[in-house]
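Put chain C with the ligand on the given structure of chain G with help from the hints.
Given next are the chains, with one letter for each unit.
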Amino acid sequence: MKIWSSLLAVIALVFIAWVGAGVLHLSTFFGIVLPYLALIIFLAGFLLRVIKWGKSPVPFCIPTTCGQQESLPWIKPNKIENPTTTWGVIWRMILEITLFRSLFRNTATEKHDGNLAIGSAKWLWFGSLLFHWSMLVIIIRHLRFFTEPVPVLIQGLEFMDSFLQIGIPLLYMTDVFIVLALSYLFLRRVAIPKVKYISQAADYFPLLLLLGVAISGILMRYFFRVDVVGVKELAMGLVTFRPVFSAEIGPIFYIHLTLVSCLFAYFPWSKLMHAGGIFMSPTRNLANNSRMVRHVNPWNYAVKTHTYDEYEEEFRDKMKKVGLPLEGEG
Amino acid sequence: MYNGGKIIAGLIIFAAIITSPFLLNIGKADEAPQPSLDTPAINQMSEKKCVESAEFMRTGHMQMLNDWRDQVVRNGDTVYVSNSGQEYEMSLENSCLKCHSNKQEFCDSCHTYAQVDPYCWDCHTDTKGAGQ
Ligand code: HEM
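Going down the list, the protein sequences come from chains G and C. Sequential numbering from -12 applies to the first sequence in my numbering. Sequential numbering from 408 applies to the second sequence in my numbering.
Okay, chain G solo, but in the shape it has when bound:
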């Protein structure tokens, strides 16, 4: 049910874009209004959610670590697994978001001859790493539609991505990777009963939406060709706030663009916000310096204190009388 409703939602989006742009020719709405709207929702929603998270206090110093903490000089600390400085945290964060190191430690528990056995499970790490990197490369490559002249960096990326020189238009390796990776991530949820049990529509829908974006893009590039020069003129118009339609662009482009717009508009309100959330996780973004720096809980109220010095001051005469030792006059 959750799977079918998600699939149905994506198909409905495709259908709306196809009817709207292909049959009713509402290209102004699907080509200009919707993308702008989606970008505004994405940017505002993303900023608001991060600001909201930023407003909640972090009461304790709770980084998760798995290495020796910095302590006595002759004990070798593990600077990556247990950072004690901000630079250490930044380095660990860079490795986390580029290599998904914490996911690399993923384990699976299985029953072997009546005993529970825990083994490493790397496929999830591999699949998600493959997906995220492919998506990044594809998005950077897409900047060729939004820049004139196209930066050398993007040209180089495009060259490397297509260097197998298969077919015309040249096959991009990332196109194959993203479809394989997304299919794996989707099938994992469907095929493993335990994972299926905890999967919600909110898990299936983003996967299927991303798959829809990728497949529509691939169909457009290799099968139902559109006028790419016309697309670039529209894209350049959008980013210079002078959008124009200089050519008739096929409906597959509007399907692609509508799915992308929905992805962007959906992003801030969904689990995809882990993109911003990873930076806001106290278990990752704090230095493990609890032995060096006092971590003040911001919701502590001001406690009324009465220090020993003040106590001694108050009872000095009485203490003197009974002969108690006094620090102030030691």
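Honestly, I wouldn't trust all of these hints.
Calculated cross-link-like contacts (lysine-lysine; reagent style DSS-like; alpha-carbon spacing at most 27 Å) [what the hints assert, rightly or not]: (1) K258(G) x K42(G); (2) K413(C) x K258(G); (3) K(-11)(G) x K291(G); (4) K66(G) x K413(C); (5) K183(G) x K109(G); (6) K66(G) x K109(G); (7) K98(G) x K109(G); (8) K39(G) x K258(G); (9) K258(G) x K183(G); (10) K39(G) x K413(C); (11) K505(C) x K456(C); (12) K42(G) x K413(C).
Quick caveat, the hints were computed from the structure, so don't treat them as lab data.
Showing chain C with the ligand alone in chain G's frame:
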């Protein structure tokens, strides 16, 4: 403990990255390519037609070239019959570039704009049609 300063700095960087296509294009006007048809071969034509309709050529010429290549190199077939019944030699240099002998002002004007760099010219010459 809050980290307002760091969070705001991060958000500013994020917003700059997301809006970079807009920021990079401030003050620029987009100039669409104008592929030039001004070549001796095309000027001589009474009816200025490409191999297929111009709309088809704009979106599908790369796939057509791919088909041509396979036809010629694998099947030894060298004649293409267009939708209108006209016959053309299936050749990059002796057909496309005979009419479009101004590669720089024609093919390249679009390709630079759309950032495609066909590797065909590693082997095929682009000056033959111009008679150089
Ligand atoms: C989340 C963002 C997006 C993703 C993941 C995505 C994905 C893809 C993929 C996988 C392809 C296949 C070819 C390739 O890899 O280059 C593609 C092609 C394409 N996409 Fe996107 N896309 C996105 C956003 C956009 C946007 C905003 C536009 C609007 C200009 C766009 C326009 C196109 C066009 C015109 C093609 C065909 C390119 C060609 O024929 O060479 N895409 N897209």
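Each hint tested on the structure:
Using a Cα cut-off of 27 Å, the hinted pair K258(G) and K42(G) holds, with the two alpha carbons roughly 20 Å apart. Restraint check for K413(C) and K258(G): satisfied, since their Cα atoms lie roughly 23 Å apart, inside the 27 Å limit. About 55 Å separates the Cα atoms of K(-11)(G) and K291(G), which puts this hinted pair outside 27 Å; it is violated. Distance restraint check for K66(G) and K413(C): the Cα-Cα separation of roughly 22 Å lies within the 27 Å cut-off, and the hinted pair is therefore satisfied.
Taking the CA atoms of K183(G) and K109(G), the gap is about 19 Å. The hint holds against a cut of 27 Å. Between K66(G) and K109(G) the CA atoms are separated by roughly 24 Å; this keeps the pair inside 27 Å, and the hint holds. Using a Cα cut-off of 27 Å, the hinted pair K98(G) and K109(G) holds, with the two alpha carbons roughly 18 Å apart. For the given pair, K39(G) sits about 16 Å from K258(G) by alpha-carbon distance, which is consistent with the 27 Å threshold.
With a C-alpha separation of about 17 Å, the suggested pairing of K258(G) with K183(G) holds against the 27 Å cut-off. Of the supplied pair hints, the one linking K39(G) and K413(C) holds, its CA atoms being roughly 14 Å apart against a limit of 27 Å. With a CA separation close to 14 Å, the supplied pair K505(C) and K456(C) stays within the 27 Å bound. Taking the CA atoms of K42(G) and K413(C), the gap is about 13 Å. The hint holds against a cut of 27 Å.
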